Every structure is written in structure tokens, then in C-alpha cells.
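Just so you know, the sequences run in chain order A and B.
Positions 1 to 280 (the working numbering) are the ones given, in order, by the first sequence.
Positions 1001 to 1280 (the working numbering) are the ones given, in order, by the second sequence.
The hints are simulated quantities; they were obtained by calculation from the structure and are not laboratory data.
For clarity, every value in this text was computed on a predicted model and none was experimentally measured.
Any given hint could be a false lead.
Claimed, not checked - Pairs of lysine-lysine residues, derived as DSS-like cross-links and limited to a Cα-Cα distance of at most 25 Å, are as follows: (1) B/1216 - A/216; (2) B/1269 - A/216; (3) A/216 - B/1270; (4) B/1269 - A/227; (5) A/227 - B/1227; (6) B/1227 - B/1216; (7) B/1050 - A/269; (8) A/43 - A/82; (9) B/1216 - A/269; (10) B/1043 - A/269.
Protein chains: 2
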Amino acid sequence: MNQTDNAAVSAHLSHVRIVMVNTTLPANIGSALRAMKTMGLSKLVLVAPKTYPHPDINALAAGAVDLIDQIEIVESLEDAIKDCHIVFGTSARSRTIPWPLLDARPAAEMSLKAVCEQQQEIAVVFGREDRGLTNEELAMANYHVTIPVNTEYGVLNVAQAIQVICYEMRMAALALTELTANPDANMHVTDDIDMEWDEPLVTHEMMEQFYPHIEKMLAEIEFMDPKNPRLLPLRLRRLFGRIQLDRMEYHLLRGIFSRVQALNNGTWKKSTDNEDQSNA
Amino acid sequence: MNQTDNAAVSAHLSHVRIVMVNTTLPANIGSALRAMKTMGLSKLVLVAPKTYPHPDINALAAGAVDLIDQIEIVESLEDAIKDCHIVFGTSARSRTIPWPLLDARPAAEMSLKAVCEQQQEIAVVFGREDRGLTNEELAMANYHVTIPVNTEYGVLNVAQAIQVICYEMRMAALALTELTANPDANMHVTDDIDMEWDEPLVTHEMMEQFYPHIEKMLAEIEFMDPKNPRLLPLRLRRLFGRIQLDRMEYHLLRGIFSRVQALNNGTWKKSTDNEDQSNA
């Protein structure tokens, strides 16, 4: 991804804040900052942290110290989210109050759409290490968001949860940035596998010269009977058809075919052939 | 999600192994196990770990101790992946060798499709904390996989990277399980790599006999200089590594190599050679 895209993605993500309520372990705050910066988020709001500041925060934040300076400390969740348009409360699926519940991915997609289309401010609120968010705090959220985990072992700690949420926020921001750059592209990055290539891929037209070449070579060395090739040509097409050769590979393979042909019809002699001839 | 679905998802994910090469910090192994179990993965293979066993592993693995008993320790990456069909090497975008590169999401979708449709075995290989995987190790992979991070600060540690990969593997497994349960469900699992196979696909171990064969053949016809093969062996691995040959194609290609070798060393004579000789 180029720098412009990265800047655009970070600009979108600057509207998404992470809120941590009554966090006990400074290490979790440091890990949160690192997770955020890795994914391009920058705004962390701490609601009445138990221990702040603390060296463990800087230690685990590693290269994300610039985010420490931007940390906002507030007294109540109310203060942390008052200027936000959409507030997500993170919650395990077992909750005492019913609420609109979203998985992390659709929640991130909804968030970045709201950011891009209406410059909305988004907050994702994480609770205490031991008992999460209170019902009062959960009730302040527009939606509850959950990460679909192994239901037999659902212990994602707060730092891991923030990592996953920030990752989904970035993926949604990337998808939208791609969409803006190329309006025909589908919203979901997942809708196509895009591989990165250093070399241009061959065209269908080039492959239409490739198949006759390999078939001619195989006929010349009598590996294939041109009068009765059976399924061989079809199998070669299936094999090389799905590989999507790049130009370098295409010329490499055709070079090999030509060498075999030259070897076969005697127009190319091995450096050792002289001795071979004398033995004959 | 009900228990049946969770069991089905875990069953799919049992075919996806995490491989950690020369890991230095036991804490990272413990965090990896926790990340895996949270997402429903169960198989961790350690290639020559620097410190094992170690109390930090159990400490950070928390409730995932059952996975510790299932850990497999091997001496070489080769041993870790020999029965795998698709091997992903994790890599930063800056690489000295070009290779088919996928983001974590499409890589996970490709993996779970391969598991569900062809019961394939998948490996995701993670390198050393300090310098990742060597070029030799990266060349053993069919694909390289990367997590799209903030390009100005791309420091995801190995435990965080495993967390994200395992999360995407679970999301892909959930999508496929939902699809099976409800075929009309709108889902994002790509169909671009839809492969209907009549033949079983080759294993990594079989391919380790394939590459020496094609290289020997190319050396014999002096297309490649064994003393100075330059990038050719690497390019052959990249090309045939991503094609995922089935057994029929594998034997077809090796049959062609053998024919060229026999033609070259004179152990096989063309049916038309008699006339050719008389002309000589």
C-alpha cells in the first residue's frame, strides 16, 4: 500500500477512539497502545485508570510512545463518549440486558462507513479486566460488540480484544479507501483474492501460443501422440491455466521447451557431445 | 453460536497448524497457545525452540494447558510441514524474493475452503522474534501471508500476529460452517479459488522430490548451471509451489522430465531415429 493510502486510512481511523474503563494493569494500557498504533488508530481515552502513569505502559507501548502523549484521562464514561455518534460497548454474549449485538467485523464496517460518509466519531468501550462493563455502562452504548470466540474457552483478555477490534477497524478502513480509489471495487476486501506480483501476468493471448508450443514439444519427443493425444492437452490447460504465469515464468518455460526441441532435433549440441560422437 | 457449530468449527480448525521456528521467548509460545485456543485452533508445532519447556509457557497459556500436551517439537521446518498441502510463510512486505503474497483474510478463506472441500492440511509458519524466516524457509511456502498494518509502524510481535491469523482462520471457519448450515447465507468467503478436484493433491513431501528432479533434468540438458543456478531453483519453487499439483499432474510432469533425461542420455531412442541416423 502506498503512503497516500496509508495516510487516508489513518485519517479515517483518527475518528475511532478506544475507551478503557477502570483499567487495573498498566501493561494492558501499553499493549493497547501498541495494538492501536500497529493498526493505525491513535486516540485512547482512559476512564479513571487504577494506575496511571506507570513505566509498564511505556515499556509495552514500545514505539507507540507518541500515542501516550495523546492519551486522554477522564473521570466518567460519560465524559469519554460525549462527542461520539456511535458507541460500541464490548461484552461477552452472556448479558443480563438485551441489546443490539454486532460481531467485530460488521461493527467495524458500520463504523468506517459512518466516518467516511458523515465524519462521525466512533467509540469502542472496553471494561475492567475482571468484570468488564457494568449494566449502566453497557446501557450507554448504541450497540454491543462481541468477538466470536471458541465458546468452550472464551477468555480473550482486554489487550487481545483491542487488538482484534483495531485490526477489523483497519480492514474496514482499507476496504473503504480502496473503494474510494476505485468505485467499482466491491466494499468487501474479502470478495476477491488480490495477490501482489512483481511481474505482469501473461494474457490469455500469450497462453494461446504456450499450449501449442508445449504440445508440439511433447509430440516431438513422442510423449504425446498428436493423432491420439487423449486427455493430455486438456490436462495441460487445466494445470497451466490455473497457475497464472507471469511473463518471466512464461519465457522461462518456453525457453525450456525450445531447448528440449533443439536437443531432440539435433540443432543444439551438448558441450559434451563431441566425446559422445567419437564413441559412436 | 450453538455447541454443534462450535464443534464443527473446531473440527475444521484442527486441520490448521501453527508452526513457530526457533522461538526465543517462552512467553510468546504461551501467548500463541492462548490465542489459538481462544479461536479454536489446537495444533502447535515448534521447530527447534530455544527454550522448552519453561514455566512462562504454562503461565501465559492460562487455561490452554491441554494444548501444551499436544505440542509437537521437531528439528526442522521440513519435518513440521511435510504432510501439509498448503504452507503459508509469514513475512513482512519487504522481501528479497518475490512470492505470491496474500493478506491474512484471503489466506484464511483459501485455507478453510481447502480444509472443508478437500480435507487438506494447512500450516502457517512464523519466524524468529528478531529476524523472522530465512529465504530458504520462505521458499518452502506455497504462499506468503501478511497482515496489513500501519506502514509507518509495522511492528506486530509474533504473538499478536498469531492472534490475528487465528482470528481470521476462525472467521473463515464460521462463515463456511454457517454456509453449510444455511446455503443462502450471504457470505464473503471468496469463490475465486474454487477448485473441484477429481485427484488428491500432492503433499509438500512429494514436491521435495519434484524440485530435485526438474533441476537435475535442467542441469543435464544444460539449461541450468548446477554450479551457478542463480534464481532458477527459486523461480521453479515459486511457480510450482503455488500451482498445487494433483497426483496425476505430478506424475505427468515427472514423466516428461524422465523422457527428456532418457532422450538426452540416449537410453531412449525415438521411433524415427533410424532414418535420422542414416541421414547422418
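A quick look at each hint next to the structure:
1. B/1216 - A/216: 23 Å, holds
2. B/1269 - A/216: 18 Å, holds
3. A/216 - B/1270: Holds - the C-alpha atoms of residue 1270 of chain B and residue 216 of chain A are around 15 Å apart, at most 25 Å.
4. B/1269 - A/227: 20 Å, holds
5. A/227 - B/1227: 41 Å, violated
6. B/1227 - B/1216: Judged against 25 Å, a Cα distance of about 12 Å means the pair holds.
7. B/1050 - A/269: The hint is violated at about 53 Å.
8. A/43 - A/82: The hint holds at about 15 Å.
9. B/1216 - A/269: 18 Å, holds
10. B/1043 - A/269: Violated - the C-alpha atoms of residue 269 of chain A and residue 1043 of chain B are around 53 Å apart, more than 25 Å.
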